[in-house]
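Enquirer: Knowing the structure of chain A, use the given hints to seat chain B on it.
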Amino acid sequence: MREEIIVSGRMNELIDPHLQVWNWEIPAYLFLGGLAAGILFFAGLMTLQGKEKEFETTIKRAPLFTPLMLGIGLLFLFLDLKHKLYFWQLYTTIKLESPMSWGAWTLLIIMPVSVAWAGMYIKTIFSNFKWPYPNIAEAFEWISKQKTILAWIMVITSVILGIYTGILLSAFNARPLWNTSILGPLFLTSGLSTGAAFIMILSKDEHERHALARIDLLLIAIELFLIIHMFMGFRASTQVQIEAANMFLGGTYTAIFWTFVVVLGLVLPAALEIMSLKKLKVPYYIAPALVLMGGLILRFIMVYAGQMSRWLY
Amino acid sequence: MRYAMAIDTKKCVGCSDCVVACQAENNVPIGFCRDWVVEVTDGTYPELELENRSERCNHCENSPCVRCCPTGASHYAEGGIVLVTEDKCIGCSACITSCPYDARYVHPKGYVDKCTFCVQRLKNGLKPACVSVCPTKCMYFGDLEDPNSDVSKVLKTRKHKTLIPEAGTKPHLYFLI
Chain A
1 MREEIIVSGR MNELIDPHLQ VWNWEIPAYL FLGGLAAGIL FFAGLMTLQG KEKEFETTIK
61 RAPLFTPLML GIGLLFLFLD LKHKLYFWQL YTTIKLESPM SWGAWTLLII MPVSVAWAGM
121 YIKTIFSNFK WPYPNIAEAF EWISKQKTIL AWIMVITSVI LGIYTGILLS AFNARPLWNT
181 SILGPLFLTS GLSTGAAFIM ILSKDEHERH ALARIDLLLI AIELFLIIHM FMGFRASTQV
241 QIEAANMFLG GTYTAIFWTF VVVLGLVLPA ALEIMSLKKL KVPYYIAPAL VLMGGLILRF
301 IMVYAGQMSR WLY
Chain B
1001 MRYAMAIDTK KCVGCSDCVV ACQAENNVPI GFCRDWVVEV TDGTYPELEL ENRSERCNHC
1061 ENSPCVRCCP TGASHYAEGG IVLVTEDKCI GCSACITSCP YDARYVHPKG YVDKCTFCVQ
1121 RLKNGLKPAC VSVCPTKCMY FGDLEDPNSD VSKVLKTRKH KTLIPEAGTK PHLYFLI
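For the record, the sequence lines run as chains A and B. For the first sequence, counting from 1, position 91 maps to 91 in the working numbering; every step adds exactly one. Every number in the working numbering is 1000 more than the matching position in the second sequence, counting from 1.
For reference, chain A alone in the conformation it holds in the complex (with noise of 0.2 Å):
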């Protein structure tokens, strides 16, 4: 038998028994971050697409809200902060190698670009909004000339931001069950999805909402073979690895991932967008809502539980 005790007593906050540096806020953000990426994505796109009549909502609509969530996000991030007076210190630099760093950036084109599309289109959604100052107004004008840049710049920053979200808990080799390159695409695939749910939850037109349903149909059945890909690696992977996936397999957080992350969140709502595919009464909103739902958890659930994943020695 093997024992190891710390016989100095370290106790040092958020260290120890287990580390525990990154709550709430952490999780919070990476899914509004994925949700915005997610509904910028698609707004994007389908304008490239000339789309703008078919897919009105996701285009005019639901972008809306993306400024706020990813001010959220950001708010989020910044509690986040042990050292909040000295956050500049981020645009001081820019670090290749620290995928924290190319996030900061990103979010720092993201947002602006955020708030541009939503100003474009605010006028479209409440007909009797009026801005403030003409120069806005003006300026908001001149950017909806540039509607195709402003899409193909929305489109590959929101992929970025997407799979940024995975990469940056992947880039940590000490947490083994973070350190697959799987998070990321499964991150951002996921953050495609409860975008798209998003959308289908705001659209009253039946015509967009089943487009969408059936996008989100391919998106959760890449996330689910991600998932099953994911544990396989860990599985044929080295001890701390083998470790990382047992507490989803058997271990401390088996019965919450496979029944709200997958079953809840990938499987039913996949089987109510089916059905309602197939023309059968299902209230619209159910399927997107555990889409969200299952993100959200997904997202907690990934943060705790690598951050008790660890190295033995």
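Take the hints with a grain of salt, since some may be wrong.
Below, computed lysine-lysine pairings styled on PhoX-like, alpha-carbon distance capped at 25 Å [stated by the list, open to error]:
| hint | chain 1 | residue 1 | chain 2 | residue 2 |
| --- | --- | --- | --- | --- |
| 1 | A | Lys82 | B | Lys1088 |
| 2 | A | Lys51 | A | Lys123 |
| 3 | B | Lys1088 | A | Lys95 |
| 4 | A | Lys84 | B | Lys1109 |
| 5 | B | Lys1088 | A | Lys84 |
| 6 | A | Lys279 | A | Lys51 |
Away from chain A, derived, C-beta distances all over 10 Å, residues of chain B [claimed, not checked]:
| hint | residue |
| --- | --- |
| 7 | Asn1026 |
| 8 | Glu1061 |
| 9 | Glu1078 |
| 10 | Leu1083 |
| 11 | Gln1120 |
| 12 | Arg1121 |
| 13 | Asn1124 |
| 14 | Gly1125 |
| 15 | Pro1135 |
| 16 | Glu1145 |
| 17 | Lys1153 |
| 18 | Leu1155 |
| 19 | Glu1166 |
| 20 | Lys1170 |
Since the hints were derived computationally from the structure, they do not count as laboratory data. Virtual Cβ for every residue (Gly too), placed ideally from N, Cα, C.
Expert: Using the frame of chain A, we list chain B on its own:
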């Protein structure tokens, strides 16, 4: 120049004097420590083996903490010492999460803190506080590139190991076994 430390697990008695010396020398806030002592018991009674290790930051050559720091606050100083610049640190905790040795913590003032190999003492030609107080003289410190340094000499003659080299960090704390 490449600073390194070697700890003789056969001589260490686990008295924690190194921990107290560090806390006093570096004004470590109460409730925290930059170094600590691990006691490992292995085997089945009566065939037991005991290993005492005084642990701290490994001042890795391929430091995950330096790599993931978004502001450059965590950096390599002269001799490969890994340091944190306090007023560049935003307290994002990425480095804490990235360290497989859990050697870092958040200072109550907000920035991240860790072992510095007592740079302030090295500048004056002194050894780190933990090394200089050790009552069993089980710790060796010096420049690996200098063949006559204490640490080079002891590593030449004794069997040694590092902690989780498979994490790819190239650690520079050596444990004599």
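Enquirer: For every hint, state whether the structure bears it out.
Expert: Structure-based check of each hint:
1. Lys82/A with Lys1088/B: 12 Å, holds
2. Lys51/A with Lys123/A: Since the Cα atoms of Lys51/A and Lys123/A sit roughly 19 Å apart, the hinted pair holds (cutoff 25 Å).
3. Lys1088/B with Lys95/A: 14 Å, holds
4. Lys84/A with Lys1109/B: Holds - the C-alpha atoms of Lys1109/B and Lys84/A are around 10 Å apart, at most 25 Å.
5. Lys1088/B with Lys84/A: 11 Å, holds
6. Lys279/A with Lys51/A: 24 Å, holds
7. Asn1026: Holds, because the least Cβ-Cβ distance between Asn1026/B and chain A comes to about 14 Å, which exceeds 10 Å.
8. Glu1061: 15 Å, holds
9. Glu1078: Check passes; 21 Å lies beyond 10 Å.
10. Leu1083: 16 Å, holds
11. Gln1120: 22 Å, holds
12. Arg1121: 21 Å, holds
13. Asn1124: 27 Å, holds
14. Gly1125: Fine: 28 Å to the nearest Cβ keeps Gly1125/B off the interface.
15. Pro1135: Nearest chain A Cβ is 15 Å from Pro1135/B, so the label holds.
16. Glu1145: 26 Å, holds
17. Lys1153: Lys1153/B is indeed farther than 10 Å from all Cβ atoms of chain A, at 26 Å.
18. Leu1155: Correct as stated: the minimum Cβ-Cβ distance to chain A is 20 Å, above 10 Å.
19. Glu1166: 8 Å, violated
20. Lys1170: For Lys1170/B, whose nearest Cβ neighbour in chain A is about 13 Å away, the distance exceeds 10 Å, so it holds.
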